[in-house]
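**Student:** Chains as they are written, first to last, in my numbering: chain F, 1 to 175; chain Z, 1 to 652; chain G, 1 to 101.
Do not take every clue at face value.
Going by beta-carbon spacing under 10 Å, a handful of chain Z positions derived as facing chain F [to be verified]:
{"hint": "1", "residue": "13"}
{"hint": "2", "residue": "614"}
{"hint": "3", "residue": "628"}
{"hint": "4", "residue": "629"}
{"hint": "5", "residue": "631"}
{"hint": "6", "residue": "632"}
{"hint": "7", "residue": "635"}
{"hint": "8", "residue": "636"}
{"hint": "9", "residue": "638"}
{"hint": "10", "residue": "642"}
{"hint": "11", "residue": "643"}
{"hint": "12", "residue": "645"}
Computed cross-link-like contacts, BS3-like style, restricted to lysine-lysine with a CA-CA straight-line distance of at most 27 Å [claimed, not checked]:
{"hint": "13", "chain 1": "Z", "residue 1": "566", "chain 2": "Z", "residue 2": "168"}
{"hint": "14", "chain 1": "G", "residue 1": "100", "chain 2": "F", "residue 2": "172"}
{"hint": "15", "chain 1": "Z", "residue 1": "620", "chain 2": "G", "residue 2": "94"}
{"hint": "16", "chain 1": "Z", "residue 1": "620", "chain 2": "G", "residue 2": "100"}
{"hint": "17", "chain 1": "F", "residue 1": "172", "chain 2": "G", "residue 2": "94"}
{"hint": "18", "chain 1": "Z", "residue 1": "402", "chain 2": "Z", "residue 2": "550"}
{"hint": "19", "chain 1": "Z", "residue 1": "620", "chain 2": "Z", "residue 2": "588"}
{"hint": "20", "chain 1": "Z", "residue 1": "401", "chain 2": "Z", "residue 2": "588"}
{"hint": "21", "chain 1": "Z", "residue 1": "588", "chain 2": "Z", "residue 2": "606"}
{"hint": "22", "chain 1": "Z", "residue 1": "550", "chain 2": "Z", "residue 2": "401"}
{"hint": "23", "chain 1": "Z", "residue 1": "588", "chain 2": "Z", "residue 2": "167"}
{"hint": "24", "chain 1": "Z", "residue 1": "550", "chain 2": "Z", "residue 2": "566"}
{"hint": "25", "chain 1": "F", "residue 1": "33", "chain 2": "G", "residue 2": "94"}
{"hint": "26", "chain 1": "Z", "residue 1": "606", "chain 2": "Z", "residue 2": "620"}
{"hint": "27", "chain 1": "Z", "residue 1": "168", "chain 2": "Z", "residue 2": "588"}
Calculated directly from the structure, the hints in this document are not laboratory data.
C-beta: ideal position from N, C-alpha, C; glycine also.
Now for the letters of each chain:
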Amino acid sequence: MIFGIPITGQTITYFLLALIIMISGVMLMSLQKVMHMAVALGGVFLGVAGIFILLGADFLGMAQILIYAGAITILMVFALMLTQRGDDTESPPTNSWRVGGVLVFVVVLCAAFLYVLRGTAWPVTQSAVDPYTQPSVVLLAQSIFHTYTVPFELVSVLLTVALVGAVVIARKEEE
Amino acid sequence: MQTHAWIIPALPLLAYVILLIFGKRLRETVAATISVLAILVGFVLAVIVMQEVATNGPIVAMTFNWLTFGPTTITVGFSVTSLNALMLVVVTLVSTLVLLFSRSYMHKDDRFVRFYQYLNLFVFAMLGLVVSPNTLQFYIFWELVGVCSYLLVGFWYYKPEAAAAAKKAFIVTRIGDVGLFIGIILLYLGTGTFNFNQMFQGSPVSAGLGHVAATLNGGVNVPWFAMHGLMFAGWHPLFGMSPYGFVTLCAILVFVGAVGKSAQFPLHVWLPDAMEGPTPVSALIHAATMVAAGVYLVGRMYPLFLASSGASETVAIIGGFTAILAASIGLTQRDIKRVIAYSTVSQLGYMMMALGVGAYVSGFFHLMTHAFFKALLFLAAGSIIHAIDTQDLFQMGGLRKKMPLTHITFLAGALALSGIPPFAGFWSKDDILSATFDSGHYVLYAMGLIAAFFTAFYIFRVYFLAFGGVAKTEKHAHEGGLAMTVPLIVLAILATFAGFINAPFWPELGKFLQDRGPIGYDPGANYPLMAVSAVVGLLGIWLAYAVYSKEGRAERMATRMGVLYKLSFHKWYVDEAYQFSIVWLVMKLADVLNFIDCWIVDGIVKLIGEVAYLGGVSLKYSNTGQVQTYGLVTLVGLLLLVAAAIGIGGVL
Amino acid sequence: MALQPFLALGVVLFGLGLFGALTKRNIIIVLISIELMLNAANINLVAFAHFSQPAQIQGQVYALFSMAIAAAEVAVGLAILLAFFRHRNSADMKDVDLMKW
Numbered sequence: 001m002i003f004g005i006p007i008t009g010q011t012i013t014y015f016l017l018a019l020i021i022m023i024s025g026v027m028l029m030s031l032q033k034v035m036h037m038a039v040a041l042g043g044v045f046l047g048v049a050g051i052f053i054l055l056g057a058d059f060l061g062m063a064q065i066l067i068y069a070g071a072i073t074i075l076m077v078f079a080l081m082l083t084q085r086g087d088d089t090e091s092p093p094t095n096s097w098r099v100g101g102v103l104v105f106v107v108v109l110c111a112a113f114l115y116v117l118r119g120t121a122w123p124v125t126q127s128a129v130d131p132y133t134q135p136s137v138v139l140l141a142q143s144i145f146h147t148y149t150v151p152f153e154l155v156s157v158l159l160t161v162a163l164v165g166a167v168v169i170a171r172k173e174e175e
Numbered sequence: 001m002q003t004h005a006w007i008i009p010a011l012p013l014l015a016y017v018i019l020l021i022f023g024k025r026l027r028e029t030v031a032a033t034i035s036v037l038a039i040l041v042g043f044v045l046a047v048i049v050m051q052e053v054a055t056n057g058p059i060v061a062m063t064f065n066w067l068t069f070g071p072t073t074i075t076v077g078f079s080v081t082s083l084n085a086l087m088l089v090v091v092t093l094v095s096t097l098v099l100l101f102s103r104s105y106m107h108k109d110d111r112f113v114r115f116y117q118y119l120n121l122f123v124f125a126m127l128g129l130v131v132s133p134n135t136l137q138f139y140i141f142w143e144l145v146g147v148c149s150y151l152l153v154g155f156w157y158y159k160p161e162a163a164a165a166a167k168k169a170f171i172v173t174r175i176g177d178v179g180l181f182i183g184i185i186l187l188y189l190g191t192g193t194f195n196f197n198q199m200f201q202g203s204p205v206s207a208g209l210g211h212v213a214a215t216l217n218g219g220v221n222v223p224w225f226a227m228h229g230l231m232f233a234g235w236h237p238l239f240g241m242s243p244y245g246f247v248t249l250c251a252i253l254v255f256v257g258a259v260g261k262s263a264q265f266p267l268h269v270w271l272p273d274a275m276e277g278p279t280p281v282s283a284l285i286h287a288a289t290m291v292a293a294g295v296y297l298v299g300r301m302y303p304l305f306l307a308s309s310g311a312s313e314t315v316a317i318i319g320g321f322t323a324i325l326a327a328s329i330g331l332t333q334r335d336i337k338r339v340i341a342y343s344t345v346s347q348l349g350y351m352m353m354a355l356g357v358g359a360y361v362s363g364f365f366h367l368m369t370h371a372f373f374k375a376l377l378f379l380a381a382g383s384i385i386h387a388i389d390t391q392d393l394f395q396m397g398g399l400r401k402k403m404p405l406t407h408i409t410f411l412a413g414a415l416a417l418s419g420i421p422p423f424a425g426f427w428s429k430d431d432i433l434s435a436t437f438d439s440g441h442y443v444l445y446a447m448g449l450i451a452a453f454f455t456a457f458y459i460f461r462v463y464f465l466a467f468g469g470v471a472k473t474e475k476h477a478h479e480g481g482l483a484m485t486v487p488l489i490v491l492a493i494l495a496t497f498a499g500f501i502n503a504p505f506w507p508e509l510g511k512f513l514q515d516r517g518p519i520g521y522d523p524g525a526n527y528p529l530m531a532v533s534a535v536v537g538l539l540g541i542w543l544a545y546a547v548y549s550k551e552g553r554a555e556r557m558a559t560r561m562g563v564l565y566k567l568s569f570h571k572w573y574v575d576e577a578y579q580f581s582i583v584w585l586v587m588k589l590a591d592v593l594n595f596i597d598c599w600i601v602d603g604i605v606k607l608i609g610e611v612a613y614l615g616g617v618s619l620k621y622s623n624t625g626q627v628q629t630y631g632l633v634t635l636v637g638l639l640l641l642v643a644a645a646i647g648i649g650g651v652l
Numbered sequence: 001m002a003l004q005p006f007l008a009l010g011v012v013l014f015g016l017g018l019f020g021a022l023t024k025r026n027i028i029i030v031l032i033s034i035e036l037m038l039n040a041a042n043i044n045l046v047a048f049a050h051f052s053q054p055a056q057i058q059g060q061v062y063a064l065f066s067m068a069i070a071a072a073e074v075a076v077g078l079a080i081l082l083a084f085f086r087h088r089n090s091a092d093m094k095d096v097d098l099m100k101w
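Looking at chain F on its own, in the form it has when it is part of the complex (with noise of 0.2 Å):
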């Protein structure tokens, strides 16, 4: 028992990988150089795709590895490389007085969430040990296709006009 919460397999993964996500996140905010800092990113994303694996939601993991720390990070380095001007560092805020501003008001905010976090009563707050009947796959596939088919295509939509539209918007203005 550590803070009241019992010592198992499972919290054992869960504050590791809170660690690795939280050491990622702090490393992304405070690093100079921005090819560090896209590896932080990846840090992050593989942490959550660890999160979401020990939630029983191992399709959501992996779609995070694969878009997230696979596609997205890659992408965020391509554009850091096309935007690059000499030096790779990130230039530091103009005002520091204001980082410190923000950084008071983001706490202050966290710590008022954890509050009500806390404090409110949730109605479920344990959960058996294999939540789901079926493989979560199989349930989010029946969902996806079954249930909510049209929002689903109207996503793929949604994905094909930011497609176009980013391709018309990147695009070199013709002279």
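Following the hints, complete the assembly by docking chains Z and G onto the known chain F.
**Tutor:** What follows is chains Z and G alone, placed relative to chain F:
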């Protein structure tokens, strides 16, 4: 035909719409023909309707529902009673002739078609008013008549006097209309209905039309009114008044509307000024239609007045006073149309006096004959004005030779107005005077008699000044075209013979109007009184002849009368009195309000505007375009919300 | 294992993302920070899905949709960034002030 009586008002409306659509593209002749024909057909139909009413009796009303709220249903439709039928005939007949007359009077006017449009609309409004089965529809048409009169009096709006007169007519009648409207609402609250028929259900007049004389003299007899039960829960019955008081109040308020429309004292001031309009308009408004609407209103609401002796006494006194006041002013006016206008006011006073003393039939008999001879006088005056282009009596003269037809017809009208037998005015005016005398209103009788003397004097003053003596202008006077002379001739015939329709030895009109039993007070023939009024009329004529047949006598007489002459010439200073009391007060009040509006209300509005503007100007610099700053501000806002939520507790 | 630790993790991750979005100068880093905030939301969704009684798959579906939307957002965001960079030759948030007064 009775069930299709709605066609009669619809015809002028149709003509109006046609003229409205085609507008200036129509030739004068076409426009005039359409209008005259529409109303002529209306006249024929009205005669048929009257015939049917005389033989079969009237239908009650043809209505359909318009609005329903609570226990009340507002209907629109039309009703035909003997009174309505009579009014329909009189209005359409006079209107036809006036419209025909306008054809040559308004010839070559730039807005000829527009003039006919207005006339048609006016006739439509008047006919609609006549057939209205309920007070609300009546009021709508009543106001429509008012608007049309405004448009027509101000037809030559580029003349400042005409524009001012139109405004005056509109505003002064509006004062009366407010009274009428309050009266209508009170009556609605008292009886729970707008329908004339339901409103007077159970009243002596509507049921058997009997016992009315007794009711009148006996004073309070309004069980029918209390019987309606004032069904509105929560209303104190009759607002704490006795039934008699309530009926009196309603009747007086309704009468206030009639006072405005029929130009009775103290709201008579608009009518003479309305002479600035074209003469056919004067004939239409002052003879048959608008001014008659007030008398008609009192007649339509007659049960109300019969139920309250106080209200009827008021009507009689106001009428009698107006009759003598207006007649005394008419004695000295220089403008031919103004003399006739004051004569109209005076004659309307007679009608009101008749209704007030209970002589229902006499009042409407006089309304009818007056419509004929007054339209005749106006049209004849119009013919003179058309010929010599002046309205000043002292610029006229010697027209007897130059305009023989106008002379003869005018003479017929003047004799009718003076009450000389056997002309129409004699029978009707004498009826009124007899009724006044017989019902014991001796003072009113005396006033009426003096007014009759004045009447004969002023109208023959006009006659001698215009037609007698020698010509004072170089203008070559001549008779108008056929469109002018035909109406004059027809009206002259009517003015001469129409009186026999209710002569003591052949009281057909009385029988017709009282088809469901006697209404009010019918004096019957009183030959000594007849002789007296005829003699008084002749005396007036003789005096006019004595004064105005020779040059110079009039001036001497004027100086000898001194103050009286001045009082009469300046219309008893009524206008001035209003100017220095009410108008002054209203103006000052308006100044104060204007000041408040300009500086305080507008100031507040402008201040708000300025604050918003300055705030915008100063706040715009906060829009730096820096998204992160916006985000920071949003974050702060979010924090505040969260803090508030936590503080209140339980929201998050 | 309880619900609260996961939510707490979400809060912390959200806070990190918010801090980055409001302070970083490089537009790409700002975009990354927004992704962090979206991920925090996803953690919440999945956690609630897991801890419902009985477990609801809808939370995961929602997270999946959220991922798709985020991908679209990144694509458009980067496109805008590239267009902006081509115009102003800068990827600095300070220079994004076209909307000022």
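**Student:** Next, verify each hint and record whether it holds.
**Tutor:** Now the hints, each set against the structure:
For residue 13(Z), the suggested interface contact is broken, since its CB lies about 60 Å from the closest CB of chain F, more than 10 Å. Look at residue 614(Z): its Cβ only gets to about 29 Å from chain F, farther than 10 Å, so that hint breaks. Hint status for residue 628(Z) relative to chain F: holds, with the closest Cβ pair at about 9 Å, below 10 Å. At about 9 Å, the closest approach between the beta carbon of residue 629(Z) and any beta carbon in chain F falls short of 10 Å, and the interface hint on this residue holds.
Taking 10 Å as the C-beta cut-off, the interface hint given for residue 631(Z) holds, the closest approach to chain F being about 9 Å. About 6 Å separates the beta-carbon of residue 632(Z) from the nearest beta-carbon of chain F, less than 10 Å, and the hint is met. Residue-level restraint check for residue 635(Z) holds (minimum Cβ-Cβ distance to chain F is 5 Å; threshold 10 Å). A distance limit of 10 Å between C-beta atoms decides the matter here; for residue 636(Z) the minimum to chain F is near 6 Å, and the interface restraint holds.
For residue 638(Z), the shortest C-beta to C-beta distance to chain F is roughly 7 Å, which falls under 10 Å, so the interface hint holds. At about 5 Å, the closest approach between the beta carbon of residue 642(Z) and any beta carbon in chain F falls short of 10 Å, and the interface hint on this residue holds. At a threshold of 10 Å, the smallest CB-CB gap from residue 643(Z) to chain F is about 7 Å, leaving the interface hint in force. With a cut of 10 Å, the hint placing residue 645(Z) at the interface with chain F holds, because the nearest CB-to-CB distance is about 8 Å.
This hinted pair checks out: residue 566(Z) and residue 168(Z) have alpha carbons roughly 24 Å apart, not beyond 27 Å. For a cut-off of 27 Å, the pair hint linking residue 100(G) to residue 172(F) stands: about 26 Å separates their Cα positions. For a cut-off of 27 Å, the pair hint linking residue 620(Z) to residue 94(G) stands: about 18 Å separates their Cα positions. Proposed proximity of residue 620(Z) and residue 100(G) is supported: the alpha carbons are some 9 Å apart, at most 27 Å.
Restraint check for residue 172(F) and residue 94(G): the C-alpha separation of about 23 Å stays at or below 27 Å, so the hint holds. For the suggested pair residue 402(Z) and residue 550(Z), the alpha carbons sit about 20 Å apart, so the restraint of at most 27 Å is met. Under the criterion of a C-alpha separation no larger than 27 Å, the hint pairing residue 620(Z) with residue 588(Z) is inconsistent with the structure, at around 46 Å. Between the alpha carbons of residue 401(Z) and residue 588(Z) the distance comes to roughly 54 Å, so the proposed pair goes past 27 Å and is violated.
At roughly 25 Å between alpha-carbon atoms, residue 588(Z) and residue 606(Z) fall within 27 Å of each other, so this suggested pair holds. At roughly 18 Å between alpha-carbon atoms, residue 550(Z) and residue 401(Z) fall within 27 Å of each other, so this suggested pair holds. Annotation: proposed proximity of residue 588(Z) to residue 167(Z) holds, straight-line Cα distance about 19 Å (limit 27 Å). Between residue 550(Z) and residue 566(Z) the CA atoms are separated by roughly 22 Å; this keeps the pair inside 27 Å, and the hint holds.
For the hint linking residue 33(F) to residue 94(G), the alpha-carbon distance of about 19 Å falls within 27 Å, and the restraint holds. Of the pairs offered as hints, the one joining residue 606(Z) and residue 620(Z) holds, with about 21 Å between alpha carbons and a cut-off of 27 Å not exceeded. For the hint pairing residue 168(Z) with residue 588(Z), the CA-to-CA distance comes to about 18 Å; that is within 27 Å, so the pair holds.
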